[in-house]
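Participant: Those protein sequences? They're chains A and B, same order as listed. Residues are numbered in the working numbering as their position in the first sequence, beginning at 1, plus a constant of 82. Residues are numbered in the working numbering as their position in the second sequence, beginning at 1, plus a constant of 375.
Please note that the accuracy of each hint is not assured.
[Claimed, not checked] Covered stretches of chain A, as calculated for chain B (at least 3 residues, CB under 8 Å):
1) 148 to 162
2) 211 to 219
[What the hints assert, rightly or not] Non-contacting residues of chain A with respect to chain B, defined by C-beta distances greater than 10 Å in every case (computed):
3) Asn88
4) Ile136
5) His193
6) Glu308
7) Glu363
Think of the hints as simulated: they come from the structure by calculation, not from any bench. Just so it is clear, CB atoms sit at the ideal spot from N, CA and C, and this is done for glycine as well.
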Amino acid sequence: MSPDVNKLTVKDYKTDLKPVWCPGCGDYGVLNALYRAMAELQLEPWNTVVLSGIGCSSRLPGYVATYGFNSIHGRALALATGVKTARPELHVIAVGGDGDGMAIGGNHFMHSCRRNLDVTYILMDNEIYGLTKGQTAPTTPTGDKTKSSYYGNPEPAVDPVELAISVGATWVARGYSGDMKTLTKLITQAIEHKGFAFLNVISPCVTFRGDHQFKEIKEKLRYLPEDHDATDRTAALRYVREKDVVTTGVLYRVEEPTLGDRLEHIRMVAQGDGEPPTTQEIINHFMPLS
Amino acid sequence: MRKVIKGNGAVAHGVRLARAQVISAYPITPQTSIIEELASMVAEGELDARFIKVESEHSAMAGCIAASSAGARAFTATSAQGLALMHELIHWAAGARLPIVLANVNRAMAPGWSIWTDQNDSLSQRDTGWMQVYCESSQEVVDSVIQAFKVSERVLLPTIVVLDAFFLSHTYEDVEIPEQELVDGFLPPLELPQKLDLEHPAALGNLVFPDRYMEFRRKMELAQQHALGVWEEVGREWGELTGRPYGLLEEYRTDGAELVLVCAATAASTARVVVDRMRDAGIPVGLVRLRVFRPFPADAFRAVLGGRRKVLVLDRNCSFGHHGIFHQEIKSALFELPAAEQPEIRGVIAGLGGRDITPEDIEDMLTRAWEGRLEEATTWWDVLPAEDPVRAASVRS
């Protein structure tokens, strides 16, 4: 039997641009897993938008043959909100790094989670600012020496997964860029989820964090236990701020109305069953009672 | 002490010698190595300051405002998008009359993304009340950072010290780094007339009603005007101490020049070579380099350009809809001259987004200006034709 000519393959999602990430960068793993997940879901490139802010990982939209937008530093989710609200039928995938998403764009992260915006957000977490060559990020562990903290980072780090669960994301997972099989599954599920799907990918920076990272993380890596109840927020929070292990899998997953659902609901309520009100009826409604 | 350092390193040395007390910053190319070097100086104990790496440029300027309000000498560095994100607080720093110094590495604004030089980022902050000084060399950078603190603290207005991306920020040059004792004698410790003080509690940032707001703004304008003389005085004093005097603008071979080129920053180094070459060929050209842009040295421009036959202004920037920005401002200053003394002015917009401005470019534009072959008030230099003004954005091969 000849292969289905209409079936999209990984190749169909690649562009002519060659990634310029450093050899060994974790982001290659994320990009390849994204290609595979898109092919598995047969995501129509013409109905898909990949958005980013600024940073090494924010180059990703250029490497994916969908609509793309490499936007302003920290604003990927703000733009995703606009795209999804205007065109709810599109698949909207926002990507970026920990500096982009947790520092300069941190406020947008909280509000996208809270609103249950129906987009997928993949954070490539390398615990450092890579594009500007190695300064502390909000996910850099306390005490680490960087180019902006010569005697060790004085600040406690944020765990993006903990933050996402706390402020209302409805699908939260942790992945690792060196584990292609699991990562592809996680990205597939993230895109399928209706609501804000947040995937934090441990994606080592070999240049500014050292290539020993892959080995260290591999030793710490473990999967969520089979009996983990992903609808239990308290259970999910057991796997945040981990020190000696890195647990990957879907930590939290619930069904809630999305921002789009709620907006549509308000529109229906306001409009009622009949014809939209006339301008005069609207004016009368707001006129103070005499 | 002589050292071979890059422009960004010269900023860091200037800040160190000025004994800045708080540095609040966020990394952005091509500025990052300024704050990295400062972080290192603080860590090594070469600079007794607090270094705060915040989560955005908006917060970086907020940090400087808070530190300065408490009476500390505050510094930050940024570029392009970072400066734009600071904009709200840029207004605040000037309105609150805080003598903060900021180094901006000129970088073109997105979209399309660019990390290379042009002046639209700093010039977009023209009307905020900050002073602006444009540097040509790493030596001028280190000297200007120190002078900027002194002038800012005298007139109580913040200063942006500007240097070109890569052409200056990342180019290594031989620099005389002043001794600490010399700088200490020149720049006394900061004593603000008003600051946050536990002994004398006061609230900052209150609502100002229409019966007072305008008076505050008028004082900012007066301070800017006063600052012209202060920059001249401070530049002279620096010259007496170091042998390197500075003015509001710098003239090069303007004696007998009938055509004068005006430009700023590193393009002036290129222009100097061309002026020499053309003078040797018997063409009476000269160069004026704009250094202090705010306050604008209108009197100085009238004095040096009045009575010349022709003036050509080279802008590495554009005020879309109305010429290059230096061109506009110089033309406006010269309008106050008697008609007989007004030169013919032409503008050239060149080198946006880091495109090279070569000696050949400058020689060609000067030759065309001299021969009266620049027909338009402003010519876009070395640019692909854009036949359709609306769809010109999409240049297809």
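Participant: Hint by hint, say whether it matches the structure.
Facilitator: Results of checking the hints against the structure:
no.	hint	result
1	148 to 162	holds (count 4)
2	211 to 219	holds (count 6)
3	Asn88	31 Å, holds
4	Ile136	8 Å, violated
5	His193	16 Å, holds
6	Glu308	38 Å, holds
7	Glu363	39 Å, holds
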